[in-house]
Amino acid sequence: MKAKDLLYLLTLALPLANPVEAQTATPAGTWTVTPAVVSQYMFRGVRIGGPSLQPAVEYGQGDLAAGLWANFPLKDKVPGVSDPEFDFYGSYTHSLNATTSVVTGATCYAYPNADKAAGFYQSTVERSRGAGEGWRADVW
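Note that the sequence shown covers residues 1 to 140 in the working numbering.
Some hints here could point you the wrong way.
Claimed, not checked - Quick list of the computed label-pair ranges, beta carbon to beta carbon:
1) Leu-96 with Ala-118: 26 to 34 Å
2) Thr-99 with Glu-58: 23 to 31 Å
3) Leu-68 with Arg-44: 29 to 37 Å
4) Gly-62 with Tyr-121: 41 to 49 Å
5) Pro-84 with Ser-128: 43 to 51 Å
6) Phe-120 with Ala-98: 42 to 50 Å
7) Val-102 with Leu-74: 18 to 26 Å
8) Lys-116 with Gly-62: 14 to 22 Å
If you're looking for bench data, these hints aren't it; they were derived computationally from the structure.
Quick reminder that beta carbons are idealized off the backbone N, C-alpha and C, glycines included.
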């Protein structure tokens, strides 16, 4: 196992090492379903498709969040790239004290129809960690 993979697994296992307090209530989880239609599909400034359906489903419970976001081009598809895309993601917020927290997460981008012969990846994983709510410090 590569050192980079071991570090990733240890980072994901960090929530298991947190101390457990007795008699704490477990917050109820919530589901969020977001249907969306966009006129252009852009990813980090690059046009990947035309009008698209982009539904999302997310589950959150306490400091844990996990979800699925998808893109289904309706027209102007970019062959081998945008038809379709599924992003599976998750994150966990580690509270260090009353004012400081660290967010650890990962996103798996999946392109089941990507043309491997043309050099496209069918999936890739992006790991992240950051400080505070909604802010990513870096990607590793």
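**OP:** Take the C-beta atom of Leu-68 and the C-beta atom of Arg-44, compute their distance, and say whether it sits inside 29 to 37 Å.
**Re:** violated, 20 Å
Original post:
Between Leu-96 and Ala-118, is the Cβ distance one that fits in 26 to 34 Å?
Top reply: Given range 26 to 34 Å: violated, Cβ gap about 45 Å.
Original post:
Does the Cβ pair Thr-99, Glu-58 satisfy 23 to 31 Å?
Top reply: Once the Cβ atoms are compared, 26 Å apart, the range 23 to 31 Å for Glu-58 and Thr-99 holds.
Original post:
Range hint 18 to 26 Å: satisfied by the CB atoms of Val-102 and Leu-74?
Top reply: Taking Cβ atoms as reference, Val-102 and Leu-74 lie about 39 Å apart, which means the hint is violated.
Original post:
Is the hinted range of 14 to 22 Å satisfied by the C-beta distance from Lys-116 to Gly-62?
Top reply: violated, 39 Å
**OP:** Starting from the range 43 to 51 Å, see whether the pair Pro-84 and Ser-128 falls in it by beta-carbon distance.
**Re:** Given about 23 Å between the Cβ atoms, the range is violated.
Original post:
Holds or violated: 42 to 50 Å for the Cβ distance of Phe-120 and Ala-98?
Top reply: holds, 46 Å
Subject >> Cβ separation of Gly-62 and Tyr-121, checked against the hinted range 41 to 49 Å >> reply: 33 Å Cβ-Cβ, so the 41 to 49 Å window is violated.
Hint violations for this structure: numbers 1, 3, 4, 5, 7 and 8, all remaining hints satisfied.
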